[in-house]
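There are 2 protein chains.
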Amino acid sequence: MARNASLSGYLEFLPTERLTELHVLDTLRHVFEIHGFSSLETRAVETMDTLLQKGEIDKEIYAVSRIHQDERAGKEAKLALRFDNTVPFARYVTENAGHLAFPFRRYQIQKVWRGERPQAGRFREFSQADIDIVGDGALPFRCDVEIAVVMARALEALPIGDFTLRVNNRKLSEGFYRTIGINDTAAVLRIVDKLEKIGPDRVAQELIDTLGASPRQAQSALDLAQIRTVDGSFAAKVRELVGEDVTALLNEGLTELSELMSELNARVPGRAVADLSIARGLDYYTGTVIETTLHGHEELGSVCSGGRYESLASKGKRVFPGVGLSIGVTRLLSALLNSGELAASRSVPTVVYVTLRSAEDWGAAQDIADKLRSRGISAEVALSAEKFGKQIKYADRRGIPFVWFTDDDGRHEVKDIRSGEQSEAHPSHWAPPAEDLNPQIIRKTENL
Amino acid sequence: MARNASLSGYLEFLPTERLTELHVLDTLRHVFEIHGFSSLETRAVETMDTLLQKGEIDKEIYAVSRIHQDERAGKEAKLALRFDNTVPFARYVTENAGHLAFPFRRYQIQKVWRGERPQAGRFREFSQADIDIVGDGALPFRCDVEIAVVMARALEALPIGDFTLRVNNRKLSEGFYRTIGINDTAAVLRIVDKLEKIGPDRVAQELIDTLGASPRQAQSALDLAQIRTVDGSFAAKVRELVGEDVTALLNEGLTELSELMSELNARVPGRAVADLSIARGLDYYTGTVIETTLHGHEELGSVCSGGRYESLASKGKRVFPGVGLSIGVTRLLSALLNSGELAASRSVPTVVYVTLRSAEDWGAAQDIADKLRSRGISAEVALSAEKFGKQIKYADRRGIPFVWFTDDDGRHEVKDIRSGEQSEAHPSHWAPPAEDLNPQIIRKTENL
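Taken in order, these protein sequences are the chains called G and L. Each step along the first sequence adds one to the number in this note's numbering, with nothing skipped, and position 342 is 330. Each step along the second sequence adds one to the number in this note's numbering, with nothing skipped, and position 138 is 126.
If you are wondering where the hints come from, they were derived from the structure by calculation, not from laboratory data. There could be a bad hint or two in this list.
For identical chains, the list gives no copy identity; a pair is met inside one copy or between any two copies.
[Stated by the list, open to error] Distance condition first, Cα-Cα at most 27 Å in a straight line; then the derived BS3-like pairs of lysine-lysine: (1) K378 <-> K305; (2) K303 <-> K66; (3) K375 <-> K359; (4) K381 <-> K303; (5) K99 <-> K66; (6) K359 <-> K432; (7) K185 <-> K303; (8) K225 <-> K182; (9) K381 <-> K432; (10) K305 <-> K359; (11) K225 <-> K185; (12) K305 <-> K381; (13) K359 <-> K378; (14) K185 <-> K375; (15) K378 <-> K303; (16) K359 <-> K381.
Produce the entire structure from the sequences given, and follow the hints as far as they go.
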């Protein structure tokens, strides 16, 4: 990871780093699948029209075109690489609605591309891991709970340390702003979203300057944004700010967020905070909104974000509401690899390196390796009968934990390179300790 | 798979099809990893310069560019999507040579893009699964054997039925053509490569017309191409054709192919044929060449191809020889899905669907599901307390095999939807039959 990418913004892992990434991706997949989420992949390209529907991120889009245009070119749609997994998923849902069973739970772990200016922790190609539940017409609020719980469990299962889901609800925010007399709630959300970046004073000033809010309204907005509770007590604080004047929308938001906090505290204790500063500037969220802070890596911003959108997609009069969260896998992983916090114990899947006494032993050595492989133990055979010291060094350089020897009488011994311990073994019975079967992913917190 | 792609040449799977694809990818990964191959991924884009080095396939390349060019644009390299996994891997090896341990075994399963005219079984985005072994300076011939054996085992592990590795050796072909007096061996290989497409008569004519071969030389070339043996007896047939006149190069080719056939017959019996018609038109192969026919799907052409190249990559005076094979996963898979030969038993990973008696039971039902999940059993909870018939239908529609019921006294029962069998169960102890834990991939050969 000290290496420079040969193409700015495009990260490529070395084998050891890739093993760590694989561990992370496998773990996410396992958690998603035991909760009943189906895997899905969409094509890398979308039509430009599909991508520009949301209108706001055209600057980052990579266009794709055949370098040898021909007579077909004029008839073909302009294409571009996807910049997230949500827009392609929405398109996929409308196209395949007749073949899907709703509510539809899917996970999607794919690369996305953005032509952003490359900088630390920002890549032009990166992986996102999304889960969403999509309904046909309606989707119970319980799906918000389910999504938040599943993602918290996924993050808990990763070797990334402590994190906090910061949860809020758009209905609560919008209901509150309307209650205090600010009606351009989309604008106020965009301004409050900058709180961590520009601080409370400038947020207040912007609310006054841009929206014509009174100083008192601006102060109320800031008061709301300062509410952070680890339980349901945020509701009383909000009611304190607005007095008796609780609108239906605000009430609905309070009820939803209370239910979400209560379920999160029951199912993934200590992982969630009701943080009423979370605004998520984007227009399409309509209820639950979530951001996630990784402790000790606050510089990364939110490592997992998302929420509820009443209209993920629509097809004629048919509307598909959804709720989802997305982990920025590459950004998360590259930070932990760069800091030395995460590492794999070896650079290859191999558990056993079978040595050669003579060049003619290669076939017999492959037979030994095959006996190990048939029991799921990854094995590799030396390519030439160099001195044993050199053969051991080959294994050691890759972090392969065990080396296999066979003597002239056909007796087998296996050596643990790390301890130097050597003992008799049989290729049909010997097995490594369970923790050596796969590369170990080591989290070194002393580096923090 | 009866659906039309919304973008011509871009295939997207439905959840059930994706489960089949995942099974295939997981199986390949397992076989590659137990043989000590490291996972690797390279970026989707390469510089145009890198891709055009080989010079011949520029027509199919997809260029990539930011739609909002700015002052940086002029300084940035022109980019394009990769069209295979070999060129990016070669670039990766030279860039990271100092960080890799040679010989380096890697597998790489990634999508590639080609702007070809879409047609049945030809896609513009498709997955390739590659394995290669790369050496630094030298690479023993045993690596050819290893690659062929590992790939044959990978194909054997897939639910795709019988296949044949058709193996040949460039040294044998080149040595033979030189021996009979044809010196433009690259040209003759390109012509002989068309044998299956245009037939022996037109190949002979082309050899005569284009290369000025005599009718006797053309006949000799055809005689060679007709040699097919399941064992090492091809060598005697070749010697019969050339008489005493065996050059060193021809001899080397015969020796290598004999060793390869002997090892393949020992390690993956019945999977290989020495087929001296296999030429592989590309310039960079220098020894072993392999194509693979899937029985009953000869229309697919070769489903797994590759070979030996003495210079996969080079860096100054440093040369990296390699040997590798590549499976065209998407083409293979789409053919088997389309014909109905392959299918998954369900569309979701879920094993158990936990029903609700009343809306208030949701939390308790999640507790039951969590007990199952903690033991690796994928479970989903109903979102609302509809009639049981409706809840069962929900599970049935997705192919979920088991439905869970809890009565008012807290007694649990689990029902196998397929058999209708219902029995008492406990969420901390009950487990499904092993074959139901993951979706089953079913191969229906009666469709053949």
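Here is what the structure says about each hint:
{"no.": "1", "hint": "K378 <-> K305", "in the structure": "between (71 Å within a copy, 25 Å between copies)"}
{"no.": "2", "hint": "K303 <-> K66", "in the structure": "within (22 Å within a copy, 38 Å between copies)"}
{"no.": "3", "hint": "K375 <-> K359", "in the structure": "within (25 Å within a copy, 53 Å between copies)"}
{"no.": "4", "hint": "K381 <-> K303", "in the structure": "between (62 Å within a copy, 25 Å between copies)"}
{"no.": "5", "hint": "K99 <-> K66", "in the structure": "both (20 Å within a copy, 20 Å between copies)"}
{"no.": "6", "hint": "K359 <-> K432", "in the structure": "neither (35 Å within a copy, 31 Å between copies)"}
{"no.": "7", "hint": "K185 <-> K303", "in the structure": "neither (38 Å within a copy, 46 Å between copies)"}
{"no.": "8", "hint": "K225 <-> K182", "in the structure": "within (22 Å within a copy, 79 Å between copies)"}
{"no.": "9", "hint": "K381 <-> K432", "in the structure": "within (25 Å within a copy, 49 Å between copies)"}
{"no.": "10", "hint": "K305 <-> K359", "in the structure": "neither (61 Å within a copy, 40 Å between copies)"}
{"no.": "11", "hint": "K225 <-> K185", "in the structure": "within (24 Å within a copy, 78 Å between copies)"}
{"no.": "12", "hint": "K305 <-> K381", "in the structure": "between (67 Å within a copy, 26 Å between copies)"}
{"no.": "13", "hint": "K359 <-> K378", "in the structure": "within (24 Å within a copy, 50 Å between copies)"}
{"no.": "14", "hint": "K185 <-> K375", "in the structure": "neither (61 Å within a copy, 51 Å between copies)"}
{"no.": "15", "hint": "K378 <-> K303", "in the structure": "between (65 Å within a copy, 25 Å between copies)"}
{"no.": "16", "hint": "K359 <-> K381", "in the structure": "within (24 Å within a copy, 46 Å between copies)"}
Violated hints for the displayed structure, listed by number in ascending order: 6, 7, 10, 14.
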